[in-house]
Amino acid sequence: MKNGSAAKGRSSWSSKLVNPVLDKEFRLRMRTPRSMWALFFYVGAMGAAALAFIYLMTEINRHGPSAFNPEESRMMFIFISFAQMGLIAFMAPGLTAGVISGEREKQTLNLLLTTQQSSATIILSKLVSSLAFMILIVLATMPVYSIVFLYGGISPWQLLGLFLFFVFVMFVLGAFGLLFSTLFKRTMLAVIATYGVTLFLFIGTALMFLFLNGVLQELYRNVPSTGAPPYRWIGHLLALNPAAAMYSILEPSLTRQAFFVSGMQGNSRSPMTLWQEFILIYSIVTSLLIGLSIRYLRPRLKRRT
Amino acid sequence: MFGFVGPNGAGKSTTMLILSTLMAPTSGSVKVDGFEVTEHPKEVRKRIGYMPDFFGVYDQFKTTEYLHFYGASYGIPKSERDQLIPQLLELVNLSDKRDAYVDTLSRGMKQRLCLARCLVHDPELLILDEPASGLDPRARIEMREILKELKAMGKTIIISSHILPELAEMVDEIGVIEHGQIIAQGKVADIQNRLRVKRILSVRLTGREEEAEAFLRNHPLVTRTMRDDRVVHVHFAGGDEEQADLLRQLLDEGFRLISFSEAQTNLEDIFLEITKGGGGTA
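The listed protein sequences correspond, in order, to chains A and B. Residue numbering for the first sequence follows our numbering, beginning at -15 and increasing consecutively. Residue numbering for the second sequence follows our numbering, beginning at 4 and increasing consecutively.
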């Protein structure tokens, strides 16, 4: 009796955690050879990047100290992290921009929408399942990071923080993909829109920062140092950039540099670090994106009165 | 069982989408079992099983997994599904395919699997949009037998088709839709009577055929006559009463009739007749 109720409790918990849509997504995703190939090429690319880095460093240091030192190991960690971030930027839109439009194209969406599953369940399950697969892929690259641990220079906490940040970035890009997938009928359009936004976040914000940085440097050059603001607002632009935010975790001085007015006396200060601001802004943006996806998944049946 | 008839683009699928809570009506109100579809879509979804005219399946699922997924999506506990799914597969003659992957099934089998999926939560109303489209004659017959069985089980079924003879023998009522409007609704036979603009009468005589044809041609309700040896074919625009009158008039005129009969017109002729000019392709 007791066992029975315990089992029932467990099953109700598992049914809450894994709803039918999530269960379906997990099963079907792992049944396609495509997932295995994605995993294979991702880990392969990361491994190749790490080995290429080690090769280059040892080539450069051929006439210097023979060993791979902790400072180089740290550089390698940063290099691998940027490579990882680049791969995530490629993978996340591709994995999420087809989740709803793909069902629509396969003509399975209407069948799903007539079930008792709520729009929120469907949208969140799609996002979580895509995210779970991306986490699996990133976890699969852990052995590459172990090369870094072999040489030292990085703490496990930094690695954990970085990993959580990757998950957050995947969540953000995934939410964009999900919304476009819900709004656009064709997967191709949704993919293009998601890559467009990703490109803007990574390259567009950086270019805007660099451009405005140049303009402001010119402006402040002629202003007496006491009249300049204590920090520059354009630092916030860099806080929109996932790569910059990630780098601010590995290299905290980046935040100071982003908000720093060159030629100024005294310390420049910023309200918070780049990655903190990134997480704050994109938490709000992502919530909005998910909310819109839920809203637009099903047609609005109630007429406005 | 209600048959929904109309040319392509008349609004059959649209009506069914609205009934299935997948599209908002632009005007009017739609109720399923007392629930307004726009106000209580969740309640409506519980009560309907919808089968679209075109649908996809999750190819990587086995047939039982496919039904388990939809069963779970309707909130049916696993223990119940374990009992229910073999019964459903039995009903749609797919028991021997229970472990087959969905992408290995033929079109007819997928169609039947989709029908089983509609039934997984035991809905009171089945909305079937062209369930027999694209099926070979044998698969059509199988589908028809299953639908008859469902009707016998007491399900309310709304079915659209442009294969009219099939509908005629199954449905209790039909509704003819064109340009988004119901232009006729009722029992198949009643509609046949009401909408029959022309009936074709065959009058066989022992002689005086030419005279008879001339007499008939002058009758106000006769639109056309043709003579074929001793038989005069008449396109007659009247109803049963007028037809009886015509027979009396012919006899009163002294024509000797061997037979006076109505050529059978089928549902398809009527459909073509009432929707002509509407771009019908049935």
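Since the hints were derived computationally from the structure, they do not count as laboratory data. All figures in this text were calculated on a predicted structure; none of them were measured in a lab. Where is the CB? At the ideal position from N, CA and C, for every residue including glycine. Incorrect hints may appear among the rest.
What follows is a list of derived Cβ distance ranges for each label pair [unchecked claim]:
1) I176(A) <-> T17(B): 28 to 34 Å
2) D102(B) <-> G188(A): 48 to 54 Å
3) L123(A) <-> E46(B): 50 to 56 Å
4) Q90(B) <-> L173(A): 39 to 45 Å
5) L167(A) <-> A192(B): 48 to 54 Å
6) G157(B) <-> L167(A): 37 to 43 Å
7) S102(A) <-> Q188(B): 31 to 37 Å
8) P283(A) <-> E245(B): 47 to 53 Å
9) T17(B) <-> S102(A): 20 to 26 Å
Keeping only pairs whose Cα atoms sit at most 20 Å apart, straight-line, the calculated PhoX-like set for lysine-lysine is [unchecked claim]:
10) K169(A) <-> K90(A)
11) K286(A) <-> K151(B)
12) K113(B) <-> K90(A)
13) K49(B) <-> K286(A)
Hint-by-hint comparison with the structure:
Judged by the Cβ atoms, the range 28 to 34 Å given for I176(A) and T17(B) holds: they are separated by roughly 30 Å. In this structure, D102(B) and G188(A) meet the distance hint of 48 to 54 Å, their C-beta atoms being roughly 52 Å apart. Our hint of 50 to 56 Å for L123(A) and E46(B) is violated, since their Cβ atoms are close to 43 Å apart. The hint said 39 to 45 Å for the Cβ distance between Q90(B) and L173(A), and at roughly 43 Å that hint holds.
Checked against the hint of 48 to 54 Å, the pair L167(A) and A192(B) passes, with Cβ atoms roughly 49 Å apart. Taking the beta carbon of each, G157(B) and L167(A) are about 42 Å apart, inside 37 to 43 Å as hinted. Between S102(A) and Q188(B) the CB atoms are about 36 Å apart, so this pair conforms to the stated range of 31 to 37 Å. Between P283(A) and E245(B) the Cβ separation comes to about 50 Å, which falls inside the hinted range of 47 to 53 Å.
In this structure the hint that T17(B) and S102(A) lie 20 to 26 Å apart at CB holds, the actual value being about 25 Å. Proximity of K169(A) to K90(A) is assessed by CA-CA distance (about 11 Å); at most 20 Å being required, the pair is judged to hold. For the given pair, K286(A) sits about 36 Å from K151(B) by alpha-carbon distance, which is inconsistent with the 20 Å threshold. A hinted pair counts as satisfied when its Cα atoms are at most 20 Å apart, and K113(B) with K90(A) qualifies at roughly 14 Å.
For the given pair, K49(B) sits about 18 Å from K286(A) by alpha-carbon distance, which is consistent with the 20 Å threshold.
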